[in-house]
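Asks: Next come the chains, spelled out residue by residue.
Protein chains: 2
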Amino acid sequence: MQAALRAGAEALLVTHAPDVRYLSGFTGSSGAVALAGGRAALFTDGRYTTQAKAEVNGLRLVIDKRSPGVQAVEWLAAAGVKKCAFDAAQTSVAALELMKKAVNQALKAVPAPMRRSFFVATDGLVARIRQVKDEDEIVRMRKAAAVGCGLFSAVLQYLIPGVGETQVAAQLEFMARLAGVEAMSFETIVASGERSALPHGRATAAKLPAQGFVTLDFGVLLGGYCSDMTRTVHLGRPSEREWDVYHSVLEAQEAAIAAVSPGVRCSEVDEAARSVLRKAGLEKEFSHSTGHGVGLEIHEGPRIAARQEQVLEPGMVITIEPGAYLSSGAALKARRPGSRTKKGHPVAKAFGVRIEDMVLVTKSGHELLTAASPKDWIEL
Amino acid sequence: MQAALRAGAEALLVTHAPDVRYLSGFTGSSGAVALAGGRAALFTDGRYTTQAKAEVNGLRLVIDKRSPGVQAVEWLAAAGVKKCAFDAAQTSVAALELMKKAVNQALKAVPAPMRRSFFVATDGLVARIRQVKDEDEIVRMRKAAAVGCGLFSAVLQYLIPGVGETQVAAQLEFMARLAGVEAMSFETIVASGERSALPHGRATAAKLPAQGFVTLDFGVLLGGYCSDMTRTVHLGRPSEREWDVYHSVLEAQEAAIAAVSPGVRCSEVDEAARSVLRKAGLEKEFSHSTGHGVGLEIHEGPRIAARQEQVLEPGMVITIEPGAYLSSGAALKARRPGSRTKKGHPVAKAFGVRIEDMVLVTKSGHELLTAASPKDWIEL
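Note that the protein sequences, when read in sequence, are chains D and L. Quick note: the first sequence uses the working numbering, first residue 24, plus one each step. Quick note: the second sequence uses the working numbering, first residue 24, plus one each step.
Some hints could be false.
Note that identical chains are pooled: a pair holds if it fits in a single copy or bridges any two copies.
Claimed, not checked - Cut-off 27 Å, straight-line C-alpha distance, at most; resulting in silico cross-link-like pairs (DSSO-like, lysine-lysine): (1) K398 x K386; (2) K106 x K123; (3) K302 x K166; (4) K105 x K166; (5) K302 x K88; (6) K76 x K230; (7) K76 x K307; (8) K106 x K124; (9) K131 x K106; (10) K307 x K106; (11) K76 x K372; (12) K372 x K166; (13) K230 x K166; (14) K88 x K307; (15) K106 x K88; (16) K166 x K398; (17) K307 x K372; (18) K230 x K123; (19) K307 x K124; (20) K386 x K123.
Because the hints were derived from the structure by calculation, they are not lab data. Predicted model, so just to flag it, every value in this text is computed and none were measured.
With the hints as extra help, turn the sequences into a complete structure.
Replies: Right, dumping it as structure tokens:
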């Protein structure tokens, strides 16, 4: 936005649905907010007339058949706006082209070079404001996280060898709905046995094995806000390698949580997790970043990853979710030369472990929002 | 694509996830496909190594930390490509900017004007190919539609006054999961009583009333393909106005289905529904278009709407879903002067009706994919 202001933008156009909801309260899938000179308006279409009237407060409401973005820029042009900031990450090349045509039409009287400089690209102004949650948002996120923890406890009884991953997901999502959630915040991950080696192992028809890990990664949408958590439990007795990898990931996860504090760079939090796994010889097996912001969307800023220089601020809610994913070769390779598998269960199969909490950055450090779900080794 | 070819594009870059899946089989959320000179490659990141190896067949597979789009254009530039088509509707302004920078870097030796003309905007080439389903896709969509019909029959038992809309959704989604679906294809709509007047009334904590409509609009994701259907049933005895509006919507829906045939323009199908509702005095109350294509995505082309000149082709799968949404004032207004409410139940409350089927365009006409769910008046 700094750059947009320097470029003289006197108005802002917002079309990304979560940003529109954040600014206006409108929860429909198709809407735009325009802000200029202290005036603000929400644009949507006829499917949403009743809903928009009920939800939107303090903004002028305009209903029309054309695309909300086109409506919005015409309104801005009519209001005398000559430069308007928009979010380049959330606007398609085609949508911008359509809006440019609308501006060209609406500002016929204005010299062409001025028309051509109407749109000023910004990189997620509203998204950046949304990273820091206010009190009302934090209350909602605490509730969503608490529902998530309750679901984890309740779903353990269904983790039985032979039960399908989708059956586990069915039970989890059913209980979530009965708890009053609007939806799951993303496609539920139930990754069992060798499938636990898939970082994004959405539930399939695969049956839970008699021996092996089950990774549950799920979240609910409650009051518009997302929860997100992961726990990995073990069916049957583990190999020594499985036990070791679990505890390395747990150590990495707790190190990263301990690093969360205002003023700390995101890269430092990532490195806190990564250095533990590096020492454990699992650096390559940790093939993703440590976490991400969460809120109205399941993936928001900040990114908790290497080379992310952004600094944590009180009110941010982030996930901390290191993992280690071992191919069958890596799973065989013992951490210490000469170590044996535990209790005679050799492990040659691929496996993976991920542990994830939601963490609120507070003024003095951090608060674990998913503390109600234990992370100690669970063997079923 | 015609325009892209005329502009000399010799390569195609695809980044929209359903398009990537369609071309490569890869189901991850972050990937790109590049096609040039008979060669094709899929680009993704380390989270998806195992999954991509299992899913992708016949394409070269490249795994790297950078964004798949940037990887892809660098590969194209290295292959000597000078012009590349991309989908302007599915590429953000920011993503294009990043890819332009990568091309500028990769093609340093090439004159600047040639670098600047590297990207050629197209409007959904893959999306247009996807509109026409092949035999394998039609089999999957028939299955998804059949599961949807089964769920509608099964959920009727839960439509009891006092039960919450989210409880109905919970039962529906639970049964869907047990039937083996990957997910719901969109947020389930359970809109009861006055909420039936909301075209997009997602399930809320509201309790089903003793008297009034309940609109159920839902779909499943099965084998990657979406189903989509809507039925509106009535709790208790209807007013004459409710009865009349239901049957007008049904008549409109059946007229539109009857119009579905290869060579027919989408606008003609829309008009078939709209003219029935116009004659019934419900034109303004039908505030959206008649339908949309469905497939890997819940909303695809073609659009079944006014002024849509696109012609239906065998293999297209579309929804036909007219509706009428009456505010409390409109609900009171009787269709015929002097008509009375039925059985002494005056209706002053808002209500709405929508009926939706999935229809396959065949060589000789059409096939109703959701025929297993009756559309006769259901009173519970």
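Asks: Determine which of the earlier numbered hints do not hold for this structure and return their numbers in increasing order.
Replies: 3, 4, 10, 12, 18, 19, 20
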